[in-house]
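Go ahead and model the full structure; you've got the sequences and the hints to work with.
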Amino acid sequence: MRQRVLGIGNGARRDDGVGVWVAQALAARLGDSLDVRVLGDDGFQLVDALGGIDAALLIDAVQSGAPPGTVHRFDAAREPLPPALLRCSTHLLGVAEAVELARALGQLPARVAVYGIEGADFGLGEGLSAPVAAAAAGLVEELATNLTDPPCTNTP
Amino acid sequence: MTETTRTIEVNQLARVEGEGALHLAIDGGQLTAAQLRIFEPPRYFEALLRGRDCREAPDITARICGICPVAYLMSSCAAIEDLCGLSVPAPIADLRRLLYCGEWIESHVLHMFMLHLPDFLGYPDAVSMAREHGDLVRTALRIKKAGNGIVALLGGREIHPINVRIGGFYRLPTRAELAPLRDELAWALDAAEQALLPLAALDFPDFERAYTFVALRHDSEYPMGRGRLVSSDGIDLPVASYDDYLTEHHVRHSTSLHSRTAAGGVVHLGPLARYALNHDRLTPRARAAAQAAGLPPVVRNPFRSILVRGVEVVLALEEALRLIDGYVPGDTPAVAFEPRAGTGYGATEAPRGVLYHRYTVGEDGLITDAKIVAPTSVNQAVIEADLRHYVEPNLHRPDAELRAVCETAIRNYDPCISCSAHFLKLTVERR
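These protein sequences, in sequence, are chains S and R.
First residue of the first sequence: 814, per our numbering; consecutive thereafter.
First residue of the second sequence: 948, per our numbering; consecutive thereafter.
Source of the hints: derived by calculation from the structure; they are not laboratory data.
Just so it is clear, the structure is predicted and the values come from calculations on it, not from any experiment.
Warning: the hint list may mix true and false statements.
Restraint-style ranges between C-beta atoms, simulated for each label pair [what the hints assert, rightly or not]:
id	chain 1	residue 1	chain 2	residue 2	range
1	S	G940	R	E1339	49 to 59 Å
2	S	R815	R	G1103	45 to 55 Å
3	R	A1235	S	L843	46 to 56 Å
4	S	G864	R	P1071	20 to 30 Å
The beta carbon of each residue, even a glycine, is placed where N, CA and C say it ideally should be.
Next up, the structure:
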């Protein structure tokens, strides 16, 4: 099964970079065998990155009013993402719209697990706030286990 | 119709770059106001440039726009190089044109197929359109990506390129690095020609206006990074005389300054203007594409701008291939220079039209004054004039229809109000 980890965000805006942080931590943990892409705010890159694979793990920061560090989970293969939650893109397509465009074009993988981590600080600068860093580390543990012990067997 | 007040407000205009709104006031069946209200907050770029080293101007101003950073890089380089009496050698000028081709391709294709086409095909957005026109959208995204590839390679990354500097580049690509772009660009050139044909068959509103077109014009090439300032009413000026021709002024309803000619006239910048004033500079396949799309040498119907953008995409792809095939890296990535005191002027053709920069620099190389005029701010007045003319015969239509009509007319200009949001509000006031 071809699966890809997609970390979305801007590491120069504090918690906005949590998706990138998680993706890079997974890459460091699991090595070259893991297909990881780090994406900024160009939704078209995301449409592209969703093509040609069977499963995607997508991690992004969200702002919904929930306590910082809350991990929201969505199965985007089954239903559209709540656009209000994942629309903080400065360009045409936010994450939710990019996923819908990929779906409309028939290139959405059969499995799209989306993890939205509630951020606290979206100001200028690097580094995650404490509750977000803790949530990110927990998510890395969970995903690393799932990725090394995938529910489906590999096919050549 | 009874004498009632009718106010139509489009509070959030979709599929434009930035935050704006439209206000229409209709009094006794007469249109009394059509105002494009730009409420994007001012960003004070001109002020924050003061006191900065003139060599920083390209990278600072490129941050004004995520869609057309190359235009800002090119206009600021042109202005500082003008100030320093610097002329870049042909290989560097060619690479800059190649970079500009990349930006034209990605920006034009994005607007044509994802923002503008849904209006003509009757979809609320590109995603809905993609469900029924998947092949067309896939083709468009692949052409756009070919343009992104140029910007990523020459600029160092796709958005906010970092490899351009006064006098040239930080690093020149090798021929071997450019070669892999070629096949995809060649595919994109054929695909763009084909994709233009169904667009030519769209049902365009029967609407033309006698615009004063303003664009750059160069001795031998279709204008991108250099040329003189020319207009359809006969001006032909060096870029240094821009301020004598167009002056900015404030209007209450917009945070973006309007521009007028010294005589108070409204001008039209962008693809229609470039095309009308440079039809004889089109490349062979772009000329053929224009012919195949049924375009005359001057197009005065703004709704047909989608076709002219398509012709310019063909031109940019054709030019990109020519420049890659002819590329021989120069000896040095950039011409050495020392900043000097004075004022420099630069203008290049952003996808949306002439982008003008002017800098005054002191003996210490620091900027003391900067002026930047984006094409969308110049086009505000012509957009409002289009709306008045276009809406008047449609006033009897219900508000929802009027709103759609107005939004399409605004999108003819691919307005890039900024890159922070993408909605426009429309209000119609009927009295």
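Which hint numbers doesn't this structure obey?
2
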